[in-house]
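Let chain G serve as the given structure and place chain W on it in line with the hints.
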Amino acid sequence: MTDTGDLTDWLTSTRVAVVAGKGGVGSSTVAAAYALAAAREGANVLFVAVDGRPGMGPLLGGRELDSNDRILRKVKGAGQVRGRTIPADQAFGDYLELKGVGGMLRRAASAASLPMIAAATPGLEHLLVLGKIKELERERAADLIIVDAPPAGHAAPFLRSATGLSDVVQSGPVREQSVEVDEMLRDPARCRAMIVTLPEETPVTEALELGAELRADIGLALLPAVVNSCWPDRAGLDKTPAMAARSHKITLSSSAKAALASSTDFGRARLERQRSQIERLGQGIGVPLISLPRLATPRLTLHHLGELADALVAPMMEVS
Amino acid sequence: MTDASPESFTNEIANAELLVTCGPGGVGKTTTAAALGVAAALAGRRVVVVTVDPARRLADALGLEAGAAADAPHRVTGIPGLSDSKSKKAKGANGELWALMLDAASTFDRLVHEQTANPKQASAILENPVYRAISGSLAGAQEYMAIERLHQLYTSGEWDLVIVDTPPSRHAIDLLEAPDRLIGFLGHPVYRALTVGQRAFAKVTNAAASMFLWAVRRLAGPQIVEDTVEFFRSLANIEPGLRKRAEEVSLLLRSDVASFIVVSSPRAEAIGEAEHLIGALRDGSFPFAGVVVNLIHPMPEPLTAADRVALDDLDDGPLADQVAWHDELTDLATAEREEIAGLADLAEDVVVVELPLLAVDVHDVDGLIGLADQLAAG
Chain G
1 MTDTGDLTDW
11 LTSTRVAVVA
21 GKGGVGSSTV
31 AAAYALAAAR
41 EGANVLFVAV
51 DGRPGMGPLL
61 GGRELDSNDR
71 ILRKVKGAGQ
81 VRGRTIPADQ
91 AFGDYLELKG
101 VGGMLRRAAS
111 AASLPMIAAA
121 TPGLEHLLVL
131 GKIKELERER
141 AADLIIVDAP
151 PAGHAAPFLR
161 SATGLSDVVQ
171 SGPVREQSVE
181 VDEMLRDPAR
191 CRAMIVTLPE
201 ETPVTEALEL
211 GAELRADIGL
221 ALLPAVVNSC
231 WPDRAGLDKT
241 PAMAARSHKI
251 TLSSSAKAAL
261 ASSTDFGRAR
271 LERQRSQIER
281 LGQGIGVPLI
291 SLPRLATPRL
301 TLHHLGELAD
311 ALVAPMMEVS
Chain W
1 MTDASPESFT
11 NEIANAELLV
21 TCGPGGVGKT
31 TTAAALGVAA
41 ALAGRRVVVV
51 TVDPARRLAD
61 ALGLEAGAAA
71 DAPHRVTGIP
81 GLSDSKSKKA
91 KGANGELWAL
101 MLDAASTFDR
111 LVHEQTANPK
121 QASAILENPV
131 YRAISGSLAG
141 AQEYMAIERL
151 HQLYTSGEWD
161 LVIVDTPPSR
171 HAIDLLEAPD
181 RLIGFLGHPV
191 YRALTVGQRA
201 FAKVTNAAAS
211 MFLWAVRRLA
221 GPQIVEDTVE
231 FFRSLANIEP
241 GLRKRAEEVS
251 LLLRSDVASF
261 IVVSSPRAEA
271 IGEAEHLIGA
281 LRDGSFPFAG
291 VVVNLIHPMP
301 EPLTAADRVA
311 LDDLDDGPLA
321 DQVAWHDELT
331 DLATAEREEI
341 AGLADLAEDV
351 VVVELPLLAV
361 DVHDVDGLIG
371 LADQLAAG
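Protein sequence lines correspond, in order, to chains G and W. Okay, so the first sequence: first residue is 1 according to our numbering, each after it adds one. Okay, so the second sequence: first residue is 1 according to our numbering, each after it adds one.
If a hint is listed, it holds; no wrong ones were tucked in.
Computed list of lysine to any residue pairs in SDA-like fashion (alpha-carbon distance at most 25 Å, straight line):
#1 Lys239(G) x Met299(W)
#2 Lys239(G) x Lys257(G)
#3 Lys239(G) x Ala310(W)
#4 Lys249(G) x Asp327(W)
#5 Lys257(G) x Pro356(W)
#6 Lys249(G) x Asp307(W)
#7 Lys257(G) x Ala310(W)
#8 Lys249(G) x Leu314(W)
#9 Lys257(G) x Asp327(W)
#10 Lys257(G) x Gly317(W)
#11 Lys239(G) x Arg308(W)
#12 Lys257(G) x Ala324(W)
#13 Lys239(G) x Ala320(W)
#14 Lys257(G) x Asp313(W)
#15 Lys257(G) x Asp307(W)
#16 Lys239(G) x Thr330(W)
#17 Lys249(G) x Asp316(W)
Because the hints were derived from the structure by calculation, they are not lab data. Predicted model only: the values in this text are computed from it and were never measured.
Chain G on its own, in the form it takes in the complex (with noise of 0.2 Å):
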């Protein structure tokens, strides 16, 4: 369990986060208000972006990440976030620059074959992009290393990588890194995982599966888990809307009844909904949860990550 006194403690109770969830859940939204949380607390913070989605630079407040570690936004008497992507076949020419490989050897493996060689060595990929965040870690590159994980059920086998190559590779240096990055996936002080999801059926059976998944099969711990995009819980939705005028001693008009009975029917039936979630969610994950609100946006700007970014911080839900 994580420790709940300070609603920021957790903020930069390690060194690396790993921010996972379903395709459609927001990880990458949450990961990135996560970046600004922690700088607002002071923290010198170096966002990740595994698979190079698009507009997430400008939404921390910078210019589209690429592979160069650049100053994203600073935060006035605090922290500071950078972003930057990490390619697979620039991890792979950094680690053997590292391991003083040079010469034949680098150019055999450049680029061009890594395709090949990655083919031979399934999850290596992964693994070398872990392996680079290692590295970053070690060097303390950063306070806190926010890594946006790939979307769509590929949480897990990206996570997995380290312990799965050892099934093939048997020696050499690619067994090294697998052993290190799996070292650093088990020690809750240097890497752990915030799961994300929404207030919905489906999403929290997944998440649910994830949580269990990265705890048993990685050894990896978690930070508290984040129920992305609620409805406000407005108590105020569970009567109709004559009930509710009379407890303000006010008479509606026919017309004002239909139109507000047109958006209290719907938002009733969804509270109703995501209560029952949460509630799931809080029962079967085994961390506290905190809850970020539905922006009626369809569209986010750095204003809206900064809401996002005080939510996190907010009063976690009493965990049952």
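Relative to chain G, chain W alone:
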């Protein structure tokens, strides 16, 4: 609503022989594919729906359980208007809905069996440790296998309509280029040097290939080098077949029996990906039938100016909650409709079907039938 004309997929449901649904994750793509299947079966056709990683409850509704058996078509039961009989009926006489779950590895195995001259050749490939490790993860394998399975089912002649739900693709191009990428892989100079005209490992003389082997040995150890060379060698036997198949699939997907339907939600990220995908379908000359925009929030009835005045300055309480919520839902629904209008403009003359976010999630057969009605009737 947008100014797109009233629309439905009646034509595709009645006439298409191959339907491919594609789009970003989390927008109800699998559910849409299943609902199209229900609609076509109710129209009297014999339909099979190929799903990729369906959510548990939807898989249950379709009678699919995890495991190898799910890779073979299962009859979907419990749909009023369709017979549940297991006996095969004459094609087209009575609608039937079948479903299966894609298993990339076993589809690849089937392909290897089909393309090899004898069982010994097949098992040389199938039992190779490198093959076992990569058959599910080879570059673009899952996307390619979705397309390969579609080809297998289509050419079997057993089905009036084959519907394939594709893996969620952030890079939309992945799926459409999967056959070309496999051909590209097989044409890689290192691969060619390892497999063409070489009898033994010691005789690998091509500089690029020997450097490749040296690099793999240094990085991953000697064991994997032997397995890799052997794997590439045995794959060489089936390469012409794989290449021919990839070309056939590429032609089939561009023929007039096929139709692509893009599924999206009204969220900006999803719309952006859908627009990208539409561009890719058009650039690649794939038959693009239309767009389903799913999960649209309902637009509340507006408050009149007089009602607004009466509801101004409320103290905190249930009515204030309801007015705030009414405004919030109106703002969201308005913004979504602007996003959809942009997409409809881009989609030009194709079908655009808009589906509301329902108060409850669609997981069961009744939900699928309701959705099928909307896709068929608009």
